[in-house]
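A.B. asks: The lines below spell out each chain.
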Amino acid sequence: MEPLLEVDQLRVRFRTKGPVKALLEKDEDPFIDGVMGVSFTIHPGQTFGLVGESGSGKTTLARAVMGLVPVQSGAIRFNGKNLIGLKRGQLKPFRRNIALMFQDPAGSLSPRLKIRSILAEPFRIHNMMPDNLPDEIARLLKMVNLSPAMGDLYPHQLSGGQARRVGVARALALSPKLIIADEPTAGLDVSVQGEILNLMARLQDELGVSFLIITHNLAVVRHVSDVAAIMYLGRFLEQGPTQAVFHHMQHPYTQALLSAHASPDPDAVHHRIAITGEIPSLFSRPKGCEFHTRCPRVKDICREQFPKVADRGKAHQYYCHFPLSESVQ
Amino acid sequence: MTQPVLDIRNLCVDYHTPKGTVQALRHIHLQVPPAKVVGLVGESGCGKSTLISAVIRLMAENAHVAAGKIRFMGLDLQGFSASELRGIRGRDISMVFQDPMTALNPVLTIGRQMVDIQYRDGLSRKKKRERAARMLERVGISDAMSRLDNYPHQFSGGMRQRITIAMALLVQPKLLIADEPTTALDATLEVQIIRLLKDLQTDFQCAILFISHHLNVIAELCDYVGVMYAGELVEKGTVRDIFHRPGHPYTRSLLECDPSVIEAPTRFLPTIPGDIPSLIDLPSGCIFQDRCAKVMPVCRKTPPPAVHLGEHHTAACHFLEE
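Chains as they are written, first to last, in the numbering used here: chain A, 195 to 523; chain B, 11 to 332.
Honestly, I wouldn't trust all of these hints.
Claimed, not checked - Among the chain A residues that face chain B by a calculated CB cut under 8 Å, a handful are: (1) E247; (2) S248; (3) G354; (4) D383; (5) S385; (6) E389; (7) N392; (8) R416; (9) V418; (10) H455; (11) S457; (12) P458.
It should be emphasised that the hints constitute simulated quantities derived from the structure, not laboratory data.
By construction, the Cβ of each residue, glycine as well, lies at the ideal position given by its N, Cα and C atoms.
Okay, chain A solo, but in the shape it has when bound (with noise of 0.2 Å):
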């Protein structure tokens, strides 16, 4: 099967201060790299799970592959299409098919416009003006399970389920072929996350959209992704299909990760990796392997040298020089 979206060795810098300042102070490398060399595939239909930490590099992937943030290096090819070098009229029909779902459900929702003009914004933008407007939003609010009287509310008078809902709709509205999600469950009560997941779930059955999740639970991806990467201060440390990386997990992040998740069992027994101190900032990115600064199983080569990919077979892949397959003394 053709996949819908390949990334591939995708490379996103920020420019930490202006040239001259940068001559004047002697750094000779300005930059910051937010994303440092991704590649994944997403086929029609699935679900692509990506988690990380906070300042990990998810949503400024997300957004290179919106075409929001200017890329360095890499491919992103949609359809077989690269967008990389295309010029803003170009990438418009694929930025159709390619509908964001932002992480703040209220915030992403103009206070002054009502739910009906919130969604006829897309079909405006893209000239894609359908015959009869109010139908057509009384549609989208019925598939996402809103009734369509709705339309007439503006965004505050709306709970967060229900704003989170809204952005469901505003992101089927142009029956695109992918939806970003970042973190479509934060902030929300946990009987409201499962029903934004099973819409999501529905949805995608009954439409064969393809999904790209940005989520920090662990637990949310076990259950809806069917491939899951885990990110790091810009790379994939591992990924996979879902079920590998949860139950033949290879990186000792990813197994600290999976291991920070507080149980519901107040008698549980943790086996906690010890995992300390926080990411470090892109400022500082460490030598080696970026993550040896609170790796459990560091050794002097992690220092030095980023590993090289590692495959288990079935595009389960990782980076890491004592991967946990291995024992180590």
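Starting from the known structure of chain A, arrange chain B on it as the hints suggest.
C.D. replies: What follows is chain B alone, placed relative to chain A:
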């Protein structure tokens, strides 16, 4: 039984709004015993924040305590004047807020803020700085003396929350109120903060009232748990009562919804259908009736009694037996 640090009896809080009176809290009974951690869990809008704002009397203008008593160390807090209450807040009761960035003043150094908070103690500035540095070290910030001169933005999110915890404990409170202190943090940091709170609680022997909507965090940290729904405390008990023998249908569904307890991967997760009822126009009978899977005619007519399921365990439901 020893006297509880905080004793809330029959607390009712209303908000007056143009649309009518919102009965945000109704008949809350809750005790926080000395040196124990009591967790309050519930979804947004269930009244958790209203409850703490009523305890420290930092309520919105339109809120008022319609009934009930709040006793702190045996003292009736309602009888206190605003200035008497100020003597208790920040000394006997201190608080850790959800967002450490907004809880700290961005234009003052950490040291200045940590010295300021000790304004009641008759110590020299130097002594206060030393105390602040020791406290920072205690919460796991290395090189504390020099970091006192840093501003909040120079610390990462997890460090900032450690600092607010250090500040809250610097006054050696008898009761620490923590309002969702880990919600803004990543899972790896969340675990670190919980472990820190647990350690500190053992050292300082203060009581903690811990608010969260995250069940797993509550399970790991708390001794006693109260479950709130739409302004009522529907169930309370020891942490094992709540997580191993939940009585109230709401507690049960809440536990079932948690994706981390579901072993087999599933595309469709359980939910609690429906919405929280309007607190202006309360339904008669049980507050959970519209979302309860086991609803019976009696639930729509009479409010459920509080059923004692164990020594500390009570739940408000018609279909429970003592």
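A.B. asks: All the hints need checking, so say for each whether the structure fits it.
C.D. replies: The hints, checked one at a time:
Evaluation of the A:E247 hint against chain B yields a held restraint, the C-beta minimum of about 4 Å falling below 8 Å. At about 6 Å, the closest approach between the beta carbon of A:S248 and any beta carbon in chain B falls short of 8 Å, and the interface hint on this residue holds. Satisfaction of the interface hint for A:G354 is found here, the shortest Cβ-Cβ separation to chain B being roughly 7 Å, below the 8 Å cut-off. Proximity of A:D383 to chain B holds as hinted, the smallest CB-CB distance being about 4 Å (cut-off 8 Å).
The closest approach between the C-beta of A:S385 and any C-beta of chain B is roughly 4 Å, which is under the 8 Å cut-off, so the hint is satisfied. Hint status for A:E389 relative to chain B: holds, with the closest Cβ pair at about 5 Å, below 8 Å. The beta carbon of A:N392 comes within 5 Å of a beta carbon in chain B, closer than 8 Å, and the hint placing it at the interface holds. Residue-level restraint check for A:R416 holds (minimum Cβ-Cβ distance to chain B is 6 Å; threshold 8 Å).
Checking A:V418 against chain B: minimum C-beta separation of about 7 Å stays under 8 Å; hint holds. Interface restraint check: A:H455 against chain B, minimum CB-CB distance 6 Å, threshold 8 Å, status holds. Nearest Cβ of chain B to the Cβ of A:S457: about 6 Å, under the 8 Å cut. The hint holds. The interface hint given for A:P458 is met, as the beta carbon of that residue sits about 5 Å from the closest beta carbon of chain B, less than 8 Å.
Comparing the model with each numbered hint stated earlier shows that all of them hold.
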